[in-house]
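Sequence order for the protein chains is B and D.
The first sequence maps to residues 53 to 252 in my numbering.
The second sequence maps to residues 57 to 345 in my numbering.
Please keep in mind that the hints were generated in silico from the structure rather than gathered at the bench.
Keep in mind that the hints are not guaranteed to be accurate.
[What the hints assert, rightly or not] Output of the computed footprint for chain D on chain B, the stretches with three or more beta carbons under 8 Å from beta carbons of chain D:
(1) 118-126
(2) 131-143
[Stated by the list, open to error] Derived DSSO-like pairs: lysine-lysine, alpha-carbon spacing no greater than 27 Å straight-line:
(3) B:K196 <-> D:K335
(4) B:K252 <-> D:K335
(5) D:K335 <-> B:K118
All C-beta atoms, glycine included, are put in the ideal place defined by N, C-alpha and C.
These are the residues of each chain, in order.
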Amino acid sequence: MTDTPTSAPVPTVPTPGHILHRMSMPVFLFSAVFATALGVSRFAILPSLTSIEVGGVKRDAAGLQKRAEELKVQIADVQEERDEDILTLQGTPYRALVNAKISGDSGLELLEAFRAAARDAVRGTPDAVVITQAQVDGKTLTLKGDVSGVGPGSMTVLAQFTEILRGDARVVSLVAPTFTRLEDPKIGPYSPFTIVLTLK
Amino acid sequence: MTFHPHPHWQIAAARWVGSLSLIALGAVFLAQHISTVRDVRASSLPLAQEIPGLERRLNVLKQQKELSELSHALRTGSPEEHVHVYVLPEEADLDKVVTAFDALTQELRQRKLLTAISPIAFGETTSGPEGMTEQSVTLELALHQEGIEALQTFVKLSGLLSVADALSSEERSRLLLQTELENPAAIVALEQFLNTDLLDYLREPRPAEEQLLKSFSSQSFERAFRDVVRTSLLSDAGRLLHPVFAEKLSAARLWPMQMMDINALSLESGNAPGWYRVKLEVVLYMRSV
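Please construct the entire structure, taking both the sequences and the accompanying hints into account.
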């Protein structure tokens, strides 16, 4: 008897392709278990663990948000209805006129507020910016006055005061004054101004 | 160990694609876990604490609404009639307007807050807001700063009928909220207070205030109430309409006044500190026919 070559597989060196092939099934099984476990947890376990019972009803985050919004809407509606019963003539031109009158700042309050701003414009010189005239016409306030007693820096002080007014919460827009410096034999250099403010 | 020289590459590739897809799906689920837990911490717990408070407030408001409906049904007198006859008439009663300003200027002269007043000029009637008509009234005065405050208060008070009218919506809301917190049933007492005739209240504030404060046992409502009264128009009105002046307006049938508002105000510094030359344009409102 002579030895004949067998048809058994020829031993070969494993290539990366072989390794990937052998790993494919275990990795697939692991992935399937991983995704299934997380899916079950996401849809079956997590909602029950993260729901909160409020007023005898269990709700998740979205349900709680929706319930809170519903309650806020209901509160606003009931509050409005209650206020209508308490406050007569709601929704009439009379009420609109009264509300407009009561809520608005009076001309004197505005003038006092801007006078205070003028006094604080130059530290240590409260009379540097003087408002001599104020005119409130609807939403427009016109301030007239002058900056004096600060030497040749009167225009700079006027610019600072203009910026203070521009930054005031009640002011929507402002027409800046013309910046000029005049000489007066008594008070020295001064800058007269007319500033037009549009109010909220 | 032996390796098949020709493995099933297509099956292996399909397994790898499937594995990667499943891992991606798992990652999505994991991200959802994280966001759910984060939502619970960030919103669910605060909402769970907020909702019982909102439910309680809704119940309180419903109770108050029922009580105020009942009280509203039992209320007598019609403010609409006062508005139609006195506050927003079809035509301005110029005589009454002039008499009212005359009474005010006399009062200011007595208090040494006014030195001069120009003739009062009436403008043409024009169309105004909300389907109303309006007429301007202009006058010039030499006033002390306190006199300007009194003048502004006088114009603000024109047309107001009840205590509620002299409070801003924020001030009314503050009192209502305090009622909800302390004694929801006291809404009836608050409603009665708010609907008290303004001039009656200014002449003698104590009975109306005591009637309201009787409904609250704690001091916090009283503190809030006093604060509202002190900072509102009621305080300025109380200083201007002292009992004698209020009685004078009432006796001359000048109250309720026709609705007016300041349209333009010009202040020019006067010769003495605190004094101003004031140009005032007031608008009278009328109901259009």
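Hint by hint, here is what the structure shows:
Given as covered by chain D, the region 118-126 of chain B passes the check, having 5 residues with a CB less than 8 Å from a CB of that chain where 3 are the minimum. Coverage of the region 131-143 of chain B by chain D holds [criterion: at least 3 residues with CB-CB distance below 8 Å; count 9]. This hinted pair checks out: K196 of chain B and K335 of chain D have alpha carbons roughly 15 Å apart, not beyond 27 Å. Straight-line distance between C-alpha atoms of K252 of chain B and K335 of chain D comes to about 23 Å, which keeps the hinted pair within the 27 Å bound.
Proximity of K335 of chain D to K118 of chain B is assessed by CA-CA distance (about 56 Å); at most 27 Å being required, the pair is judged violated.
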